[in-house]
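Starting from the given sequences, assemble the full structure and let the hints guide the process.
The listed protein sequences correspond, in order, to chains R and E.
Residue numbers for the first sequence follow the working numbering, so the first one is 207 and each next one is one higher.
Residue numbers for the second sequence follow the working numbering, so the first one is 441 and each next one is one higher.
Don't read these hints as lab results, they were simulated from the structure.
Take every hint as true, because none was put in to throw you off.
Pairwise CB distance ranges (calculated): (1) L807/E <-> D314/R: 42 to 48 Å; (2) A870/E <-> D314/R: 38 to 44 Å; (3) R886/E <-> A224/R: 18 to 24 Å; (4) G278/R <-> R886/E: 25 to 31 Å; (5) N252/R <-> I758/E: 50 to 56 Å; (6) V875/E <-> A372/R: 53 to 59 Å; (7) D333/R <-> V761/E: 33 to 39 Å; (8) A224/R <-> R803/E: 32 to 38 Å.
According to the in silico footprint, chain R covers these stretches of chain E (three or more CB under 8 Å from chain R): (9) 451-459; (10) 732-740.
Residues of chain R placed beyond 12 Å of chain E at every Cβ, according to the derived structure: (11) K215; (12) E222; (13) A242; (14) G276; (15) A332; (16) G342; (17) G388; (18) I398; (19) G435; (20) L442.
Where a beta carbon is used, it is the ideal one built from N, C-alpha and C, also for glycine.
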Amino acid sequence: MDQEETRAKPALAAREVAKAFDGRQALDGIDFEVGAGEVVALIGPNGAGKTTLLSILAGISEPDSGKVEGDGVAWVPQQAALYRRLSVRENLMLFARLQHEAGQTDEDPQAMVDRMLELTGLTERADDQVGTLSGGNQQRINIAVGLMAGPSVLLLDEPSVGLDPAQRERLWGFILGLVGTGTAVAFSTHDIQEAERYAERISVVAEGERIFNGTADDLRREVESGGVGDLETSFLAFLRKHGH
Amino acid sequence: MRWLLLKDLQILRRSPLQLTLLVIYPIVIALLVGFAMTRGPEQTTVALYNAMPADESLGFGGEEVDGNEIRDQLCGRVDCIEANGTDDARKMVESGEATAAVIVPEDFGDKIRSLASLDPQPPEIQVVVNGSDAVESQVTDDRIDAMLGEANLLLAKRLSEAANRYLDLILKGGELDLFGQELEILGLQKSERILNKLEPKLPPGTDRDELARAARFAQLATQNLDLAGPLLTAITQPIKADKVEVGDDAPSLDTFAVGVTVAFALMFVTVLLVAGSLALEKEENAFTRLTAGLVTRGRILAAKVELGTVVGAAVALILLVGLGLFVGIAWERAPYWLLALVFAAAAFSAAGAALGAAAREVRAATLAAVMICLPVALLSLVPDDAVGSAVETMINVVSAIFPFRPALDAITGGLEISGASIWLSLLHLAALTGVYSVLARLALRRF
Ligand SMILES: Nc1ncnc2c1ncn2[C@@H]1O[C@H](COP(=O)(O)OP(=O)(O)OP(=O)(O)O)[C@@H](O)[C@H]1O
Ligand SMILES: [Mg+2]
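In structure tokens, the structure reads:
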């Protein structure tokens, strides 16, 4: 069931990463990897350590032990990290300029902004304040900022939370469009259906450890013979079986 | 980094309500405080009763001190009203018509004259205060102290002038009017010359030696007393230096009130703006994104301090120019007060950044900003002599670690033509900017 050998060299990998907050172990020597162009879902109960793992993979926080390999990683935080009072264009322009200044991209900021507006399909709303946009559109800009430096891996923390099914589908259309161009995606979610629908592979995290890694069908097979039925039911049964 | 600053200015422009409140509220508070500062002293009315005979002259040693002159000195800093007698003066205080009464006793002139005699008796005046209001009577005591200080200064000056004249007389000789009789005083210099001239004419012997000794004494005395004049003036110098603090040369109340107004507005605008704006980075989640390889925490901090310095100094400048329409402002000292505004704005910005980094939430940051700024600033305004020494020490410590007092000192120093040097205050502000920046940077580690 361990599929890590199926990919020659992962684009991004965490090896025995551990992290504690105030003596509580958030990550307990966890392994995780994303292959080039792959889409991986991270699921698990609240407080399992998904956000902590993604932020360590993104290089935003430091692990206590273990190591992270891979570069060209972009991080898209769960809540839109945007200035609500600024327009869509102003937000994109600010981050384009900062990335340009930080040497993360050679692209001219103005050209980058235009490209991102086109990519998100928000050219018409370019001069609206971000705070007035719908959650789905805010999330698109949020992701667009993450894409500016042309990452090889995109890390998304609960990207579709709070979106209605139509918005969610449009968002995923947008994300999968990126995967088509070779960008790998790892995302966390509490929506098991979303994980099954969009991810090629699922990792289950509980109490800072990876307790499952494989396809949705593999997960079903873990708890019942035949591998049919509702994945959420299988997931819950799987968690119970492992004492969570 | 300029992009971060530009972004913050754009956000400010997009938030007209907050911007208006951010500027208007501090200015209103500042003007109120400044207004209160200027109103205070005008309300002190002192009842004056002079029991000295009206035509009595206060001359001593040929120096005339006019009763009116003393009166003018006493009444220079307060409103004086005339009382008809001791009881009348007391009643005025009891009824609240006057905050205090000053009664000049009948023998005041004699006592003053005795100062220049061999048996000096200190002149005393009687002060009546209404003790029912602690704050009021404290303020009044200060005022009366100041009044007496000025009157004393006048007397001291006249006394030293009189003493100088006596010395001159003893040294150089001249006419002295004593009980209506003209006396011819020989003077030590002349005595020495006469004695020296006499000496060779006398036959050698004991008398001649005596004479030589007397001549030498006269010579020595002349030399030493020559020094006594400047020395006597020097003794009165400390009193004269006091006058800078008490008299009209000290920062005028107008300048002080302008300084307080500007410092208050600058403090609120800058601390609120920087604390709120830094906390906003956290609230908008942007901080994580910015620090994920785009900019360092130090640069975000620097951009915020820059924002506060630019906006705070600009608002303070506009306020100062606005106030300049109503009160006199030393435009020729603009380089000094501009420097003071910029240094003060930087220190307040750093303090605001530390607060915002600690609070991590816009509401909490702004609330904390108001709750800390207001009392600390008001504390810095409590006059030293209004409290006990332990409290005074505490106030001085608080005033030293928060930028308000040094900012106020720098701004008033910058505005005052004869004002104290502002360099020490600027240094103080620069040090506070450094300290608070370090604190802010530390707080940002767990932002
Ligand atoms: N900054 C922090 N300080 C202290 N504890 C933290 C911090 N961040 C995370 N934790 C703790 O680490 C554990 C893992 O948290 P994490 O946010 O990674 O979980 P999660 O899987 O993302 O949960 P959720 O599904 O609710 O988002 C939790 O117990 C959490 O309380
Ligand atoms: Mg999470």
